[in-house]
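Student: What follows is each chain in one-letter form.
Protein chains: 2
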Amino acid sequence: MLILSRNNPTVKQLASLKEKKGRRTCGAFLVEGEKMVRECVLSGMEIVRLIVREDRVGETYSLPTLVLGADAFSAVCDEKTPQGIAAEVKLPVYPLEEPKKSCILLDGVADPANVGAIVRTAIAAGYEELYLIDCADPFSPKSVRASMSGVFFARLMRGERKEVLKALSGVPLIAADMDGENVFSFVPPEKFCLCIGNEGSGLSEEVKSAASKTVKIPMGEHTESLNAAVSAGILMYELKNQRG
Amino acid sequence: MLILSRNNPTVKQLASLKEKKGRRTCGAFLVEGEKMVRECVLSGMEIVRLIVREDRVGETYSLPTLVLGADAFSAVCDEKTPQGIAAEVKLPVYPLEEPKKSCILLDGVADPANVGAIVRTAIAAGYEELYLIDCADPFSPKSVRASMSGVFFARLMRGERKEVLKALSGVPLIAADMDGENVFSFVPPEKFCLCIGNEGSGLSEEVKSAASKTVKIPMGEHTESLNAAVSAGILMYELKNQRG
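Protein sequences appear in the order of chains U and G.
Its first residue numbered 14, the first sequence is counted upward by one per residue in our numbering.
Its first residue numbered 14, the second sequence is counted upward by one per residue in our numbering.
Please note that the accuracy of each hint is not assured.
For identical chains, the list gives no copy identity; a pair is met inside one copy or between any two copies.
Stated by the list, open to error - List of simulated lysine to aspartate or glutamate pairs, DMTMM-like, C-alpha gap at most 25 Å:
#1 K113 with E234
#2 K34 with E203
#3 K25 with E67
#4 K221 with E32
#5 K48 with E237
#6 K114 with E237
#7 K48 with E176
#8 K175 with E218
#9 K103 with E141
#10 K103 with E212
#11 K229 with E52
#12 K229 with E141
#13 K31 with D124
#14 K253 with E234
Hints were generated in silico from the structure; no laboratory data involved.
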C-alpha cells in the first residue's frame, strides 16, 4: 500500500517522532538514511518498520515496510535532503543499575549534537554505559545523526540526579572541571565514572560534591573552555590510555 | 546618528559580512555578542567599528560606533537572539610562511562549526599556526562563534594545496588516518604538522603522500570514525603530551 498524503494518520504519527513527546507516546524513534538504517538493523535494535519512499521500492527488505510518496516521506524525515529510507525503531529501555565497567555520566549536556557526538566517542573509546541527567534527548534526530549509530550500541540510562548518583555510589566519580588536576598526569582507578557537565555552567554542585577526584584539560591563556564533545573525547581517551 | 532602516546602504553592507563574498569585498568580518566583542578588542584585532543596538547606547565605548534600531541591528546579525552589540573587524591577512612551531593543517574540513571548534582547541593546546586548504571559511559567523575567540589568536594561513605543502616542506607532516599507527604509542618529532582531513573522505592523496607518518585513534568495532573536531582535539593534545 502506498500512502501519498502527509495528513494520513500513520504519516502524522511517524512525523511526531521528531519531537520528544511523540517519541514518548509511540515508544519509538526515527533513524534516517541507508547507512544508519543498515547499522541499526545489524545492531539488533528492534525495528518497528522500515519507511521507504516510492522511488526506492525496488530494493528488497525482509522487514515490515511502509511505502510513502515523496511528500509524505519528507514530512516524516528530519533531514533536509532525505535519502529515501528510514526506520521506526523501538526506544530501548535500560533500567538504572550499577555500571559493569568504566562509564560516563552526562550532567546537563544541553545540545543534542553534543550528546550524540559524546555517545559516538564513548562507543569508540569503549565506554558502553552512559548515565544521563537533565540532558538533551539522545534519541532526537539530531543526536541520533551525530552519534553515527552510537545510540544503537550504548546503554543509555536516564534518571533523576539522586537516583543516578545512587546507582553510581559504588564507583569513584571523576569530575571534569577547570579546578581539577591535570588529566595528563592523573592516574585513574581501574573502574571509574567520568562526569561531564553542561556546556555553559559545567557540573551541578551535587555531582561535584559526590566526585572523589577532579581533572582538567590544561589550556593556554587565551582559552576558557573547550567544546563539550571535544573535551569529553580528550578525557575519555586519556583516562583509558592511562589505564592501558 | 541612529539608523533605523535595514535598507540603509551601511546596514546592507554590514549584513553582507554574513556571506563569504561580502567579507571578501569589505575585507572585514562580524563578531557578535558582548563577550566575543570584548575579547576581540583585547586581542588586538583591528576593529573597524562597533555596532550597537539603540537600547544598549548608554554604555561607553572608546571606539567608532554605529547605532542601529532593533530591526536594522537584527538584519546585520547572524545570531537568532542577538545581544545588542557586535563589531565589524578587519580580516587579518597572514601570508603563507613556514611554521615557527608545531602546527595544524586542515585539508578540506567542510563544516564551519568543525573549523571553529578545531581553532578553539588548537589555541587551547598551544598550536597557534593553522594552514587551511579547501576548508569552510573560518571567519563565517558560525565558525567565529564555534571558535569562541580562537580566531582572534590563531595565524590562519590559507592557500592552494601546492603552495601550502611547499610552505610546510621543512616540517614532518603527521597524517590522521584510519590506516595509521596508534597515536597513544607514537612518539612525535619535536616539531611537526598534524594534518586533519575532510569529515567524510579524509585527507587528500597529495597530503597523504607528503606525510612522513600516519597516526590513528584506536576505536571499538562498532565505530568507523569520530567527529572531525573531536578526533582533532584528541590528536592535538596527545601529540603535545607525548612530547611534554
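Student: The structure should be examined with respect to each hint, and the outcome stated for every one.
Tutor: Checked hints:
In the homo-oligomer, the alpha carbons of K113 and E234 lie at most 25 Å apart only across protomers (19 Å), although the nearest pairing inside one protomer, at 39 Å, exceeds that limit. Proximity of K34 to E203 under the C-alpha cut-off of 25 Å is found in neither arrangement, the shortest distances being 39 Å within a copy and 54 Å between copies. Only within a single protomer do K25 and E67 lie at most 25 Å apart by alpha-carbon distance; the minimum there is 18 Å, versus 44 Å between protomers. Proximity of K221 and E32 under a CA criterion of 25 Å is satisfied in neither setting, with 32 Å inside one chain copy and 43 Å between copies.
Taking the shortest alpha-carbon separations for K48 and E237, only the inter-copy value of 12 Å comes in at or below 25 Å, while the best intra-copy value is 37 Å. Taking CA atoms no more than 25 Å apart as the test, K114 paired with E237 passes between copies only; the shortest distance there is 22 Å, against 32 Å inside one copy. Neither within a single protomer nor between protomers do K48 and E176 lie at most 25 Å apart by alpha-carbon distance, with minima of 36 Å and 37 Å respectively. Taking identical chains as interchangeable, the C-alpha atoms of K175 and E218 lie at most 25 Å apart only when both belong to the same chain, with a minimum of 12 Å there against 52 Å between chains.
Only within a single protomer do K103 and E141 lie at most 25 Å apart by alpha-carbon distance; the minimum there is 19 Å, versus 47 Å between protomers. Taking the shortest Cα distances, K103 and E212 never come within 25 Å of each other, neither inside one copy (29 Å) nor across copies (29 Å). Proximity of K229 and E52 under a CA criterion of 25 Å is satisfied inter-copy only: 23 Å between copies versus 35 Å inside one chain copy. With identical chains, the CA atoms of K229 and E141 are at most 25 Å apart both within one copy (23 Å) and between copies (21 Å).
For the identical chains of this complex, K31 and D124 are neighbours both inside a copy (15 Å) and across copies (23 Å), given an alpha-carbon limit of 25 Å. For the homomeric pair K253 and E234, the shortest alpha-carbon distance between copies (16 Å) is at most 25 Å, but the shortest distance inside one copy (27 Å) is not.
Against the hints set out earlier in the document, violations occur for numbers 2, 4, 7, 10.
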